[in-house]
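S.K.: If you want the building blocks of each chain, they are given just below.
There are 2 protein chains.
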Amino acid sequence: MLYFIGLGLSSVKDITVRGLELVKSCDRVYLETYTSILGVQNESLEEFTGKKIILADRTLVEQDSDQILEDANEKNIAFLVVGDPFGATTHTDLWIRAKEKKIPVKIIHNASIINAVGCTGLQLYRFGEIISMVFFTETWKPDSFYDKLKANRAAGLHTLCLLDLKVKEQSVENLLRNRVIFEPPRFMKISECIEQLLFVEAARKENVYDEETLCVGVARLQSDSEQIIFASLGELKTIDFGSPLHSLLITGVLNENELEMLKYFATEATLRKIEALRKDRIKNFLH
Amino acid sequence: MLYFIGLGLSSVKDITVRGLELVKSCDRVYLETYTSILGVQNESLEEFTGKKIILADRTLVEQDSDQILEDANEKNIAFLVVGDPFGATTHTDLWIRAKEKKIPVKIIHNASIINAVGCTGLQLYRFGEIISMVFFTETWKPDSFYDKLKANRAAGLHTLCLLDLKVKEQSVENLLRNRVIFEPPRFMKISECIEQLLFVEAARKENVYDEETLCVGVARLQSDSEQIIFASLGELKTIDFGSPLHSLLITGVLNENELEMLKYFATEATLRKIEALRKDRIKNFLH
Chain A
720 MLYFIGLGLS
730 SVKDITVRGL
740 ELVKSCDRVY
750 LETYTSILGV
760 QNESLEEFTG
770 KKIILADRTL
780 VEQDSDQILE
790 DANEKNIAFL
800 VVGDPFGATT
810 HTDLWIRAKE
820 KKIPVKIIHN
830 ASIINAVGCT
840 GLQLYRFGEI
850 ISMVFFTETW
860 KPDSFYDKLK
870 ANRAAGLHTL
880 CLLDLKVKEQ
890 SVENLLRNRV
900 IFEPPRFMKI
910 SECIEQLLFV
920 EAARKENVYD
930 EETLCVGVAR
940 LQSDSEQIIF
950 ASLGELKTID
960 FGSPLHSLLI
970 TGVLNENELE
980 MLKYFATEAT
990 LRKIEALRKD
1000 RIKNFLH
Chain B
720 MLYFIGLGLS
730 SVKDITVRGL
740 ELVKSCDRVY
750 LETYTSILGV
760 QNESLEEFTG
770 KKIILADRTL
780 VEQDSDQILE
790 DANEKNIAFL
800 VVGDPFGATT
810 HTDLWIRAKE
820 KKIPVKIIHN
830 ASIINAVGCT
840 GLQLYRFGEI
850 ISMVFFTETW
860 KPDSFYDKLK
870 ANRAAGLHTL
880 CLLDLKVKEQ
890 SVENLLRNRV
900 IFEPPRFMKI
910 SECIEQLLFV
920 EAARKENVYD
930 EETLCVGVAR
940 LQSDSEQIIF
950 ASLGELKTID
960 FGSPLHSLLI
970 TGVLNENELE
980 MLKYFATEAT
990 LRKIEALRKD
1000 RIKNFLH
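Residue numbers (my numbering), protein chains in the order written: chain A, 720 to 1006; chain B, 720 to 1006.
Rather than coming from a laboratory, the hints here were simulated on the basis of the structure.
Since the model is a prediction, treat every value here as computed from it, not as a measurement.
C-beta atoms are modelled at their ideal positions from N, C-alpha and C, and glycine is treated no differently.
A hint or two may mislead.
Between beta-carbon pairs, the in silico distance windows are [what the hints assert, rightly or not]:
1) K869/B <-> K924/A: 27 to 35 Å
2) N761/A <-> N761/B: 32 to 40 Å
3) D862/A <-> K794/B: 47 to 55 Å
4) E819/A <-> E931/B: 23 to 31 Å
5) K818/A <-> N761/B: 33 to 41 Å
6) E781/B <-> P904/A: 42 to 50 Å
7) K818/A <-> K887/B: 38 to 46 Å
8) P861/A <-> E979/B: 20 to 28 Å
9) E945/A <-> L990/B: 40 to 48 Å
10) I900/B <-> D862/A: 53 to 61 Å
11) P903/B <-> G953/A: 48 to 56 Å
12) K924/A <-> N893/B: 53 to 61 Å
Throw the hints in and build the complete structure from the sequences for me.
M.R.: Right, dumping it as structure tokens:
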């Protein structure tokens, strides 16, 4: 049996009781390390589960998956994924390869950033399509998110923006020279994401958003140092959200229920803005 | 401290390790019973946690919340919610009332139907706005979902349709006569949802979907009797998905990766349909 087990969002104790029982019963335990990170060190996970954890980087999962699936018809294998196994990052390839080999598969779900952002007060059924922001380079500044964000905001919907992370990536130079040297891990900060957002708005000029647009910055959700701040893009850009992971929520039309909860996360300037807007009886606003 | 603790989707063991520890440390434990159901009886939850569980119906949560929040500044109170506390149903009212009383609040996230449907193969970042289907009555057949579904499908996006459930509801007659008699719980079946979908399409006639539209029926996610079936609306209408909870996913444009996983859940007729479509090199289809 191959178990896909979600680890949840922050500490080792965010695994479900059933998930933990299964990990303990497994013959081999892999931890997917290239699409997300847990707020803890690998050693804590080994200590907590009592199992040796095999780190599974992109090469192992995507090219050497036979190694993971070896003997999985007789043995129990756990494949641990931060968040939910089919949440922000999907692991369908491994699932399909297991199915092709007639290996029974079972998924143990957990919280994902995709549903957990409901704790900001923004209602999950008022979100449009999710967007992703990748690290821009000198020559590559993909702006396909812009059209999606435009459609969401035109429909009054909120947008979850997932921020890029690079773990165990090689530089182009090292890749070309076939040198197995990895760059240090990089996690996009909210401030970096906003700079790129504003860069694309300045280039596209379709007035989808600006420095005044109200957004919610979210960092290290579910951890003890969790941060949720409701403010304008311009203000959020200046705030240091600290260590990863960061996400950004771009609001659409905010309803009264949402504002009622969001105000507990609002900066002083945002509170004044909300009050002014309320006084003007402008209840629906996009900026 | 007031803890909002997600229970996950099916069994008592779907709570997180941290969630269980907190429940055990709490002075009072409430279970929200009116927006969802766990696949287990309340007694199992009491046995599993070793705590007396106080059932919290809508009246208690919405009108008598002071009772829940009593002494919460000195004591630890747990408010248990099936799925994620701020997932498909939000409990922002109770959260806000706690904040107003300066009671510290902590949320323990868990899987929600909103992220767990990623296990069907449909990619979560290709979903549009969530819709809900309520039980139609003789005089009340709300079709606001139709415009949202239309927008999602026009953009090629998938749609999660949440199905109505009625727990501890009073009939209009009993309500008018002030008789505290509750109707038996009702959970909308996928077949009922599809009948209502087709009823509205027949009335609105904007060709948003028809009996040929490919959808995914999902029942009792994460339980041992979990069912996931990929088929046309017309075919799904005839399938008995058994006991609750049911959800329906209406597909938008399916990409190859999604089809590769979905085919393991496909009916014979759907497999033939996919193959025919592939042969015709029609890779993007809305029906």
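S.K.: Taking the hints in turn, state whether each one holds.
M.R.: Evaluated hints:
no., hint, result
1, K869/B <-> K924/A: 27 to 35 Å, "holds (29 Å)"
2, N761/A <-> N761/B: 32 to 40 Å, "holds (38 Å)"
3, D862/A <-> K794/B: 47 to 55 Å, "holds (52 Å)"
4, E819/A <-> E931/B: 23 to 31 Å, "holds (29 Å)"
5, K818/A <-> N761/B: 33 to 41 Å, "holds (36 Å)"
6, E781/B <-> P904/A: 42 to 50 Å, "holds (46 Å)"
7, K818/A <-> K887/B: 38 to 46 Å, "holds (41 Å)"
8, P861/A <-> E979/B: 20 to 28 Å, "holds (25 Å)"
9, E945/A <-> L990/B: 40 to 48 Å, "holds (45 Å)"
10, I900/B <-> D862/A: 53 to 61 Å, "holds (59 Å)"
11, P903/B <-> G953/A: 48 to 56 Å, "holds (54 Å)"
12, K924/A <-> N893/B: 53 to 61 Å, "holds (59 Å)"
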